Amino acid sequence: MAKTDIGPPDYKTMLPPVIQRNYGKWLYHEILKPGVLMHVAESGEALYTVRAGSPRLVSTDHIREICDIAEKYCDGYLRFTSRNNIEFLLDDKDKVEPLIAELASRNYPVGGTGHSISNIVHTQGWVHCHTPATDASGPVKALMDEIYDYFITSTLPAHVRIALACCLNMCGAVHCSDIAILGIHRTVPKPDNSRVPNMCEIPSTVASCPTGAIRGDMKNKTVTVNDEKCMYCGNCYTVCPAMPIADPENDGISIWVGGKVSNARSAPKFSKLAIPFLPNNPPRWPEVVDAVKNIIEVYASHARKHERVGEWIERVGWERFFSLTGIPFTDKHIDDFDMATETFRTSTQFKWR
Amino acid sequence: MAKTDIGPPDYKTMLPPVIQRNYGKWLYHEILKPGVLMHVAESGEALYTVRAGSPRLVSTDHIREICDIAEKYCDGYLRFTSRNNIEFLLDDKDKVEPLIAELASRNYPVGGTGHSISNIVHTQGWVHCHTPATDASGPVKALMDEIYDYFITSTLPAHVRIALACCLNMCGAVHCSDIAILGIHRTVPKPDNSRVPNMCEIPSTVASCPTGAIRGDMKNKTVTVNDEKCMYCGNCYTVCPAMPIADPENDGISIWVGGKVSNARSAPKFSKLAIPFLPNNPPRWPEVVDAVKNIIEVYASHARKHERVGEWIERVGWERFFSLTGIPFTDKHIDDFDMATETFRTSTQFKWR
Amino acid sequence: MEKSKTPLLDELEKGKWPSFVTDMKQAAQKSPMAEDLLSQLELSYKDKIGHWKHGGIVGVKGYGGGVIGRYSDRPDLFPNVQAFHTMRINHPTGWFYKTDALRNLCDVWDKHGSGLTNMHGSTGDAILLGTTTEHIQPCFDDLSAAGFDLGGSGSALRTPSACVGPGRCEWACIDSLDVCYNLTMEFQDKIHRPMFPYKFKIKVSACPNDCVASIARSDFSIIGTWKGKILINPAEVTAYASSDLDIQKEVCDLCPTKCMEWDSKELKIHDEDCTRCMHCINLMPKALRPGKEKGATILVGGKAPIVEGALLSWVIVPFIKLEPPYTELKELIERIQDWWDENAKSRERLGELIKRLGMRVFLRGVGLPAVPQMVKAPRSNPYVFFWPEDIKQEVK
Amino acid sequence: MEKSKTPLLDELEKGKWPSFVTDMKQAAQKSPMAEDLLSQLELSYKDKIGHWKHGGIVGVKGYGGGVIGRYSDRPDLFPNVQAFHTMRINHPTGWFYKTDALRNLCDVWDKHGSGLTNMHGSTGDAILLGTTTEHIQPCFDDLSAAGFDLGGSGSALRTPSACVGPGRCEWACIDSLDVCYNLTMEFQDKIHRPMFPYKFKIKVSACPNDCVASIARSDFSIIGTWKGKILINPAEVTAYASSDLDIQKEVCDLCPTKCMEWDSKELKIHDEDCTRCMHCINLMPKALRPGKEKGATILVGGKAPIVEGALLSWVIVPFIKLEPPYTELKELIERIQDWWDENAKSRERLGELIKRLGMRVFLRGVGLPAVPQMVKAPRSNPYVFFWPEDIKQEVK
Amino acid sequence: MPQIELAGKIYEVDEDGFLQELDKWNEEFAQAYAHTEDIEGTLTDEHWKLINYLRNYFQQFGIAPMVRKVCKDNGIDMKKLYELFPTGPAKGACKLAGLSKPTGCV
Amino acid sequence: MPQIELAGKIYEVDEDGFLQELDKWNEEFAQAYAHTEDIEGTLTDEHWKLINYLRNYFQQFGIAPMVRKVCKDNGIDMKKLYELFPTGPAKGACKLAGLSKPTGCV
Ligand code: SRM
Ligand code: SRM
Ligand code: SRM
Ligand code: SRM
Ligand code: SF4
Ligand code: SF4
Ligand code: SF4
Ligand code: SF4
Ligand code: SF4
Ligand code: SF4
Ligand code: SF4
Ligand code: SF4
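Protein chains in written order, with my numbering: chain G, 1 to 353; chain P, 354 to 706; chain D, 707 to 1102; chain R, 1103 to 1498; chain Z, 1499 to 1604; chain W, 1605 to 1710.
Derived from the structure by calculation, the hints contain no laboratory data. Keep in mind it's a predicted model, so treat the numbers as computed, not measured. C-beta atoms are modelled at their ideal positions from N, C-alpha and C, and glycine is treated no differently. You may find that some hints are simply not true.
What the hints assert, rightly or not - Heads up, simulated DSS-like pairs for lysine-lysine below, C-alpha to C-alpha not over 30 Å straight-line:
no., chain 1, residue 1, chain 2, residue 2
1, P, Lys378, D, Lys933
2, R, Lys1388, G, Lys25
3, W, Lys1683, R, Lys1432
4, R, Lys1396, G, Lys12
5, G, Lys95, G, Lys25
6, W, Lys1613, R, Lys1292
7, G, Lys72, G, Lys12
8, G, Lys305, R, Lys1388
9, G, Lys219, G, Lys229
10, P, Lys646, D, Lys955
11, P, Lys365, D, Lys1027
12, R, Lys1447, G, Lys219
13, R, Lys1367, R, Lys1432
14, D, Lys731, D, Lys817
15, D, Lys817, D, Lys711
16, P, Lys365, D, Lys896
17, P, Lys425, P, Lys378
What the hints assert, rightly or not - Stretch-level coverage of chain G by chain P, calculated; a stretch enters the list once three of its residues show a Cβ under 8 Å from a Cβ in chain P:
no., stretch
18, 262 to 274
19, 339 to 353
Bound conformation, chain G alone (with noise of 0.2 Å):
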């Protein structure tokens, strides 16, 4: 039987040699060009990462694929990013070109360095989860077509992270996105009462409604929902299979803007939210990729250099932003979970657009 708890493989046989010998002692890094890093060591040494875009759902043969292209360029070494790049490392500054023409010869976009937009951060969709109310690699893809210059130039005025979850669990950690798709459901889940009893915890499925809206009838073993503070989480379907919540009529997508995570200048903050919905359109959900695109063009045109989604609309104003985008502003905008009234305006301070 095989063993357990080994962990997983060490990292330090992971590092190419390069590495090893400068670990920890890298002085300055610089970028070469877009997806093109140089980071120098204090011994003078120099390591290069070319940065390629993947589609992270991807087969055992492109993984092959990459393995060949990086035993031919970097004796064999390569990572991953956190945001599902892949970095090729080398220690040849003259294989960096030829390592580059060979990705582009196989179509692999080199970028996602720099002021750029990187790759999307996603998750399952239908290909894999039982909540979703989108996918997530169609969105991903059409989307990633459409900003394609952006993941391979640098001329934004920050980097635009964006990441799409297709259910409120939120597995992309969308929340604090520069912009964020959600996918969301609008359908109140019916408790099926011949068999929320045999496959639910009742006080489970109780404690599991963020609004309150679900009580338990323990007569009947069931539950019931009161649909006018049910607001389509879906979380009452994750603990309790007889909910069902999907509902292709009423699924779709909203964006969020303006999060961030680094500290860099401004503390990491919350996405919020710009489009309470759009429809689902597969297989290229145009709907989602113009809006996003238009934000992302807006931000273009109107931030200051280093200036991320979420620093530039916290400086003019989201009312301005609204204006801007032409976005139309409307109550569901307007928190109304816990602590709404945070984010109402106590003061006379507003632009009139």
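Fit chains P, D, R, Z and W with the ligands to the supplied structure of chain G, relying on the hints for placement.
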């Protein structure tokens, strides 16, 4: 029988002629010296205001004295301010200095304008209320004696507004003051089971508790308090007299800083906890006076011009506020009410002190 | 020398600030009530505890409020304050007085009460501190004859108040005094006969400096503002430039939106970015004035902490013109009070109700459109409710 | 030409960005599972709905997690994905791979699964997408032989992850890779045998740029930082000054604390005011470096919205030195997990528990002192709890 | 505690005349107190309707109804309410109805 | 829905073998399922103690107990738990005990 619903006297009948003539047509003002304002109208006419301090709790004879003065210099016209100062309204510049001289001779402090400390907004305390955790007029008098010079001069970085409320009802609306002095209880109320049934509405008493510490005991027509969940706000006592909360040993004063109301520069803000507890030490509350003075002095020597207390603290950071004032930071400073998490630091950005 | 009966309070006659103890002693000369009040207060200073019983419900005929009942818990020691009720007198708007009116008030109060007052209470009333149950009605009758009326108490509209505004201030964007007085007269019934779930406060400031702290202390805040360009008087700018004032540092650098430019000669304001904070105007009153199109921002929900925590008022109407007879304003107030009255639990302030039911429900309830000016930022949580009509209804 | 069976998905092979559909088709060449997955996905594109049943509990012997069970809701149409479970493989820290390790992984997966993967999942695992129940144990056995182990799932410690840190980055203030690997090895049991009220995530970033988004996505965030002066290399400052970079505008003016001064010659930093945001260092990597005394800030509570709304992690230890064997860190983690495990309700994340019981109770529970670095600002509500020992106890 | 003798019976009341033993309430108490609340003569059916309504509501919910509810449920307006109870619903009507003294919001 | 025949009886189960009619549970069901959860031979007293504990807890509170509680209440540690139920408490023990399938946190 008396006529009802006649409403207050029409203010128009109370306006000095110079105001009646220039109503709504003021052009600009100057602070001629602390406590003396000159408002110039489009017509070229000027209104002079001399502002004098008041203990607010005044006898009819005191009011008559004010009337005497107003009749002598102001044709009988005066007003009170929103901070309970007295304003003598003159149209004759020549009378300003004689008026000030007379006020001085009668020990009326003149000041409270510009970058000063104006009168302290306060409440009833032991003089007339049933829920106070401290007196109002006493601490105010003791403190104003000590910071008197800040009233009659205009030497602070910006104006400093102090308010006092003798219990959490905050009739003095201290919650948005540069410095707030707040009476607090610290004893869990004990329901008097013999009186609750006749004197109290059980559901209202239960609903009165912000932290849900009270449970109804319908059988005995009374209530019980969960000591651990009680933070002594006294609201249950307000609705149910049979839940006394006052306690000489544990009642006292807390100090709050950094609030403001105006929209000038920064948005209105709440005051934040500086000192959780100081003892009631009548008649002159030395601990409270010293604590407030310390905060004022540190502010005066560190803030930039036009920076309100809260604006200064936000610029330098609360870490710095605590280190500069020497006030100890405790777990009580960390919010634990319903929106507490909004105040937790969600960033690695902070100062070491 | 006789030993003082109030050694503790005597300490508070020392020092430069006018002493309330002196006033109490002054009143005590004439009034046994005031005398006992002084003694009871001395006891409180000794005991470190108040000596009033809980509550008290007293009043005048035809009104449900305006008087705060109060009884001593030591009537044995202080019989003259056994009953010691406070009468709240609606102040003349802006706290303007002619001395004859004030003298009338004093005379009535010397006749019926302790001779002690608060000029004024935190809500704005002239507070007449302490009378007996029997005197309330006659005192009210005399006050009424002298042209005064009671203010609010209980679950009623409270005495509205206003900044001095156009009475003296060059920055007034609305006639705060007239608006306040007009509403006060219009809503007399609501002030005197409590009919709401809880108190309701209205305060009017004629510009964003908010000199009556309306945003912090009223359920319905009316704050003057303007649209369009800040008016600049270049000559006066030049004058300021050669004064003590450092225009770049003190004015432009502190402008929250950084929408001002100063090249040592000309002052430019990018008014589309200005959020009308008043700072520059405050510092240069001769050179700068609010823009021409004047009106008010309406905010609701401000209140002290009990129960749900303190709230500052929230913008619900970014701009409204305010001209007599203020019909639109009054209708809005009525709609809001109605919605509140219909939906609130007992002792639930307007702000708390909106917090509980959601701004979305409030806006629909009172018929106001959602605009971005209402929020600092849109929601960050994904818990979005849709209206039934937004959703494709299943035909099942 | 044969009509495509996946006309909708085919549309996603167009365009320049690499297409997952191409990868799926590639896998479908070899694997009937992948083929049925493709077809089922096409149906989802048509129906606009997912076609997986709820949940699934499958696993390997001795472990309580690491595999996500999944069953098709149309096994009639897609029998090869009737069961289609995902295996989460703990990635090598920092996502570094030598190709032979990767090839091993691919071989195992071609043998047992669909040949489809996610490189990587959002938590950091290498996700092997889709196998049958029967294959789980043998697949695990082969993985184990190849040196791989499962990652976390369920109410367990999830696979910790770290930024590239000292592996490549000049700003690393801590050895993010070693810390992460060390904790991963130390807590194998907690990863594989769910024992908590809910999931628990640890992420390590070696500087405040937080390249693994640890502050947003982990219950326990470890973020490198430093004390003392930012190291300045004046020569390189001069070099930047003559480059494209506008030091005043791009660096100093954007410093959040405005603690930098630049007179076109010398760059001064008032380090006591610096909050180590990294901005200046980010822009001038050759000239500026983090200070010498290095360590980490510990934050807790970060998570996605369900149930109580999303949380960013909160500072609980401003500074901690991190040297192997990281004893202090591990003890802190144990104390926190213990307190959480002891007090939480089912499915209550650490942040939610602290929110419910109060930071005060948490700090006392885990033995940490309150410091102002923990808050943006002190509380503004007056609802202050005192500890029993603070209060003079009545002797009644 | 003050006592009061009404129609020959002795009741414990507070300073404001509110009954301190709610179970002692009876119709005579209400009638006897009427004049102190500026109600002239005997209580009419309209008075009783309101008094009974208040008592029922209090018994059922443990609280006094809000004024809007009083008016709605009894089909009257504020004017009528003050005609019937000139000292208002809190001071007048609740006292006669033998409810616990309204608190708090003054 | 899949069916399974154990010790001669037919049970409705889901794909994972979790019972779909909780009231049909009996001791034979547990025993018959043991081997699929890597438990060799017949269930011991220690197994039964845990199974009964789980069933009682579920009946009383409507939920499965958290692992810490299971260990505490039964005086065992995680190691012991996995010795008894090698596929873990959620997959192994709950299935045998006839609880509804643990959901959510995977
Ligand atoms: C490779 C990677 C770390 C890893 O372990 O995988 C990485 C690597 C670097 N990051 Fe990062 N960051 C990486 C994810 C992140 C993330 C996380 C994320 O995007 O989800 C963040 C937080 C993003 C956010 O705030 O939302 C992040 C925020 C930064 C920042 C701060 C930027 C800012 O102004 O807010 C810097 C500094 C900079 O770019 O000047 C930075 C800088 C860098 C540097 C320059 C550090 C260095 O000296 O090596 C590296 C190259 C940057 C580049 O791409 O231009 N890295 N970096 C990640 C690459 C992801 C990708 O494929 O695109
Ligand atoms: C008389 C009074 C209004 C009234 O109707 O009674 C008043 C009158 C003036 N206020 Fe005020 N304010 C008055 C209370 C307030 C309040 C309310 C309060 O203190 O509770 C505020 C909000 C305070 C806060 O933010 O906490 C207030 C915030 C201001 C500001 C904004 C200051 C700031 O920078 O935040 C100004 C502008 C200025 O001073 O430059 C201002 C300016 C003025 C001017 C200059 C307006 C004018 O042109 O006439 C008046 C004389 C100011 C002075 O005293 O230096 N007034 N002013 C109030 C005098 C109170 C007193 O006796 O001290
Ligand atoms: C007299 C006055 C204080 C003063 O010395 O100035 C006062 C006195 C009392 N207030 Fe007040 N409040 C007074 C202005 C305020 C203000 C300030 C304001 O109106 O601008 C506030 C804060 C603003 C607000 O309303 O939120 C205020 C918030 C409260 C509260 C808390 C209300 C809340 O929703 O949080 C209570 C408690 C209650 O209503 O049960 C309260 C209750 C009380 C009571 C009636 C005590 C009680 O528990 O029933 C006090 C009676 C004292 C007495 O014996 O005379 N008082 N009270 C003020 C009214 C004078 C006037 O009419 O001018
Ligand atoms: C595979 C993965 C998404 C992906 O495509 O990358 C994923 C997939 C699922 N997540 Fe997740 N989560 C994944 C990373 C995350 C992250 C990001 C992270 O870890 O950095 C988050 C947000 C951070 C956090 O934990 O707060 C995340 C927050 C959730 C939540 C909400 C938890 C919460 O407390 O709010 C759930 C719901 C639950 O636990 O019941 C959830 C549940 C799920 C389930 C198990 C669905 C469910 O309801 O039971 C998904 C299984 C999909 C499937 O069929 O394979 N997943 N999930 C990620 C794990 C891969 C890996 O191990 O590397
Ligand atoms: S975000 Fe939701 S639908 Fe998407 S993978 Fe995560 S749990 Fe599944
Ligand atoms: S979908 Fe969300 S809001 Fe609606 S009932 Fe279920 S848990 Fe509650
Ligand atoms: S603050 Fe409290 S104690 Fe003071 S007057 Fe108001 S209600 Fe009374
Ligand atoms: S004092 Fe406040 S917190 Fe304590 S029981 Fe009473 S209402 Fe609740
Ligand atoms: S609020 Fe504005 S208009 Fe009113 S007095 Fe203050 S500064 Fe003048
Ligand atoms: S009013 Fe305020 S925001 Fe507008 S220009 Fe002046 S200082 Fe700037
Ligand atoms: S978090 Fe900091 S140390 Fe780690 S890779 Fe990013 S920039 Fe480098
Ligand atoms: S690290 Fe940030 S705060 Fe510190 S000096 Fe640099 S820019 Fe300023």
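Is Lys219/G close enough to Lys229/G, meaning Cα to Cα at most 30 Å? Holds - the C-alpha atoms of Lys229/G and Lys219/G are around 23 Å apart, at most 30 Å.
Within 30 Å, alpha carbon to alpha carbon, are Lys1388/R and Lys25/G? 14 Å, holds
Quickly compare the C-alpha distance for Lys72/G and Lys12/G to 30 Å and report which way the hint goes. Cα-Cα ~21 Å, so holds.
Hint consistency between Lys95/G and Lys25/G [alpha-carbon to alpha-carbon, up to 30 Å]: Distance of about 23 Å is within 30 Å: holds.
Please verify whether Lys1447/R and Lys219/G have alpha carbons no more than 30 Å apart. 24 Å, holds
Does the structure keep Lys731/D and Lys817/D at a Cα separation of 30 Å or less? 18 Å, holds
With a cut-off of 30 Å on the C-alpha distance, tell me whether Lys817/D and Lys711/D pass. Holds, at about 26 Å.
Within a Cα-Cα threshold of 30 Å, do Lys425/P and Lys378/P meet the stated pairing? Status holds; Cα separation ~27 Å.
Coverage claim, chain P over the stretch 339 to 353 of chain G, checked by counting residues with Cβ within 8 Å (three needed): Three-residue rule met by the stretch 339 to 353 of chain G, so holds; n is 7.
Is Lys1396/R within 30 Å of Lys12/G, Cα to Cα? 22 Å, holds
Keeping to a limit of 30 Å between CA atoms, is the pair of Lys365/P and Lys896/D held or broken? 23 Å, holds
Given coverage of the stretch 262 to 274 of chain G by chain P, checked by CB-CB distance under 8 Å (3 or more): holds (count 3)
Violation of the numbered hints given earlier is confined to hints 6, 13; the remaining hints are satisfied by the structure.
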